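Protein chains: 2
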Amino acid sequence: MHLVAIGGSDAGISAALRARELDPSADVTVVVADAYPNFSICGIPYYVSGEVGHWRNLAHRTSADLEATGMRLRLDTFVTDIDVAGRRVLVREPDGGRSSIEYDELVVGTGALPVRPPIAGLDELGAQDGVHLLHSMGDTFALTESLDRIRPRKALIVGAGYVGLEMAEGLTARGIEVTQVEMLPEVLPTVDPELGALVHAELDRHGVRVHTRTTVTRIRRTGQDEHGKGSGRLHVEGTGQHGEPLGWDVDLVLVVVGVRPDTDLLVRAGAQTGPRGAVSVDETMATGLPHVWAAGDCAVTHHRLLGTTYLPLGTTAHKQGRVAGENALGGATRYAGSLGTQVVKVFDLVAARTGLREHEAVSAGYRPGTSQSSPDDHKAYYPGAQPISIRVTGDLDTGRLLGAQLVGARGTETAKRVDTYAAALFHAMTVDGMSELDLSYTPPLGSPWDAVQMASQAWVREHQLPPQQVALATSLPSSLARP
Amino acid sequence: MHLVAIGGSDAGISAALRARELDPSADVTVVVADAYPNFSICGIPYYVSGEVGHWRNLAHRTSADLEATGMRLRLDTFVTDIDVAGRRVLVREPDGGRSSIEYDELVVGTGALPVRPPIAGLDELGAQDGVHLLHSMGDTFALTESLDRIRPRKALIVGAGYVGLEMAEGLTARGIEVTQVEMLPEVLPTVDPELGALVHAELDRHGVRVHTRTTVTRIRRTGQDEHGKGSGRLHVEGTGQHGEPLGWDVDLVLVVVGVRPDTDLLVRAGAQTGPRGAVSVDETMATGLPHVWAAGDCAVTHHRLLGTTYLPLGTTAHKQGRVAGENALGGATRYAGSLGTQVVKVFDLVAARTGLREHEAVSAGYRPGTSQSSPDDHKAYYPGAQPISIRVTGDLDTGRLLGAQLVGARGTETAKRVDTYAAALFHAMTVDGMSELDLSYTPPLGSPWDAVQMASQAWVREHQLPPQQVALATSLPSSLARP
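Protein sequence lines correspond, in order, to chains A and B.
Position 462 of the first sequence, counting from 1, maps to 462 under this note's numbering, and the rest follow consecutively.
Offset between the second sequence (1-based) and this note's numbering: plus 1000.
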């Protein structure tokens, strides 16, 4: 039994680890296109910021750790083709030579590629000009090399999603004046603008110049690098929220506007694709091609509330890879599905979400309602209490919890409070039912009804308890009668 | 419709609030034996420590807040009897006069009383001597008066449960040298001694002199208060872990060894009792006496894994009170049951638990196994990562999660990580199934598999994945096949 995994990031490594865990006799090879297996892509902003001392620390496990589990690593080895009928992958070796690797089962975890937005000049400019995309360790080294060489005073970041925000913080931490440009109406567009506005304010507070509803249209070199380092080497043009032309002179541009699935190999091998062009897999992570599984950012995502979608996240890649590794060995497990649970730290603020927002819920056929409240993280009498802004979305017809979004200061346990909503969503609880959960309480860290329950109770009061419905105590609405 | 609640603490107030929320036309009266309705008993240690500036801040809501909801408060009014047949309670008014209050429905939330251990001298000594029990606001004022008057240099605390530990921290914060005596083998006996030992070390680190397996047998006055304040007014005798006699000269003694249900009123009215003598209620919080409900620390606790038990907690009192208030109005809701979720902060450490420990699981008919692991709270490459010590208990026959105990530094989101286990327990998940939960991740605050999942995976590896069972990949153990 020879299991081959393509890709050294979360999905491929998780598949390999799971296979070795379940069957120490399984022969497992991971083919890695670069020299950085099992690196934490999510950690890149903290290396760029200087918080992670050495890039090697970004590895979840070292190559030696991985090999100690009994798997074989083929680094700097690029898979050029999958020969499904021949059960082998064709590869380009580190020295450029061609060969092939036979497999019994194949797990493909080729991941994603950074999206290149239609900005004039982007294709012509590159790292040597201080214009960067950021996704791989290679991109990371190119960026840090630019930072060391150019010593930019000013940088412009295109995009204010997770990575864009983390990089705004990271470059600010390096003393660089950051301008952040987001096409959508508010930063962190994965949460409602009411909460995105809190993140926006946090960026303002730390000196990031934020432009929302603004599109970057062109980047060009100014030639000013002759006159000294970091003094406006690049001119960026854009269009502001009222259609007005905008321009910025900066020393570095970072374009981080999301990713698209890297499906080239699988599509050429005959795999079907689904949402956003990601490779179709069923919940066992089977591609439909015999003995070929796929997992992680290259594949579609099964969402417990949305069905099949595309939602590339590291947590999902770990889970999908683990399922693929188990099933490739003959197991019969299924990926239980994503809820899109995410969290980001932006300076001293933490923003998290799980499940659906209203517009997503409408698309999925629900009739959603949302309430916002701001319960304290712990009892107000104990020093340091801070409000957490929580938006709860539920289905008005069934009372079912559909999603939650939270923004709180660091130290308010916001990141793990979203997990309670995620667990409630996993089990299809009603919003009202959340009050039944037996959650922990001590005055320095919580409340007798935890903040997540106070927020769910606020939803119930707003959407299920209009006084006229409950004027007669003897005829309580059925939504209150729990099964 | 006139709802009367006896007791101004969590259960009584929660019942009254729920009734007013559901039916603004309901006439609601809360009879409170003292002048402190809706005070946070759990906050008392933080008032004694000086962290809460004014005792009034300990109120969850002020009397004005409560009255603004439309409920009536009868303060300093002591219920002497329940006349079940006459549907009225007999009361002693603040001025000593007697009267009665008629009700349609009655919710009894008389709470608990502090246990007085069999220590010679305890009954003769009191606040004037610097010997205190601590449960009510009255006890709190007596203690703070003693602290101000005696200005103790040394204090001895009998008991190292939640309140004992919080008071050890609180008195230490006031500059008092604290000796803490616990009869059982380790402090915080509600968690396994492996984790209690971590709390013990934290106490040591902060100068608390801890004696475990030690019993206090006698307290007497030394008469030394003639010679100056705070110089050994009391002599405490005890028996050490090897049976050796021990003695301590201190200025103040605090006895906090737990509580017992205050059931006098209900028992005299004919209510049945259950575990630990608490008043029997069904899951609707009905006592069996017509139109009489009970909730909170005076009543038994329905536990989702143990059945009927006694487990007095503020969170439970809130939930039970809310159920009682709803049902007293004619609702048909049930208390979903406790999991015994608890958390305590001890100096810079947080200790939490939910569900069962091994010996409790055995009593409940399970065949438990426990694993301990120490995953980091977040990715090690990001500064400040700290291990959380997690003990996971699961049923070896079914793989079902039975409980979890966690000890981590403050800042590791340990308090809300226990909630994920609590939610998993609520839904009867397997330990293995926890890996399916879609939990949040960002490197500064978590890991792709959250710490709670790494700990559950450690349990699975130890108890469900011996290599010989999985040598053949095509015959995976059934425990891995998820429904």
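If you're looking for bench data, these hints aren't it; they were derived computationally from the structure.
Remember, predicted model here, so these are calculated numbers, not experimental data.
No residue lacks a Cβ here, since even glycine has one placed at the ideal position from N, Cα and C.
Check each hint, because a few of them may be wrong.
Computed far set for chain B versus chain A, every beta-carbon distance over 12 Å [unchecked claim]: (1) G1243; (2) K1345; (3) P1383.
A few chain A residues that face chain B, going by a derived Cβ cut-off under 8 Å, partial list only [what the hints assert, rightly or not]: (4) T172; (5) T309; (6) P312; (7) A415; (8) L437.
Checked hints:
Chain A leaves B/G1243 outside its interface by the beta-carbon criterion, the shortest separation being 36 Å against a cut-off of 12 Å. Residue-level check failed: B/K1345 sits 5 Å from the nearest beta carbon of chain A, not beyond 12 Å. The beta carbon of B/P1383 is not kept farther than 12 Å from every beta carbon of chain A, the shortest such distance being approximately 6 Å. Nearest Cβ of chain B to the Cβ of A/T172: about 15 Å, over the 8 Å cut. The hint is violated.
With its C-beta approaching chain B no nearer than about 13 Å, A/T309 sits outside the 8 Å limit, and its interface hint is violated. Residue-level restraint check for A/P312 is violated (minimum Cβ-Cβ distance to chain B is 13 Å; threshold 8 Å). With 8 Å as the threshold, the beta carbon of A/A415 comes within range of chain B, its nearest partner Cβ sitting at about 4 Å, so the hint holds. At about 6 Å, the closest approach between the beta carbon of A/L437 and any beta carbon in chain B falls short of 8 Å, and the interface hint on this residue holds.
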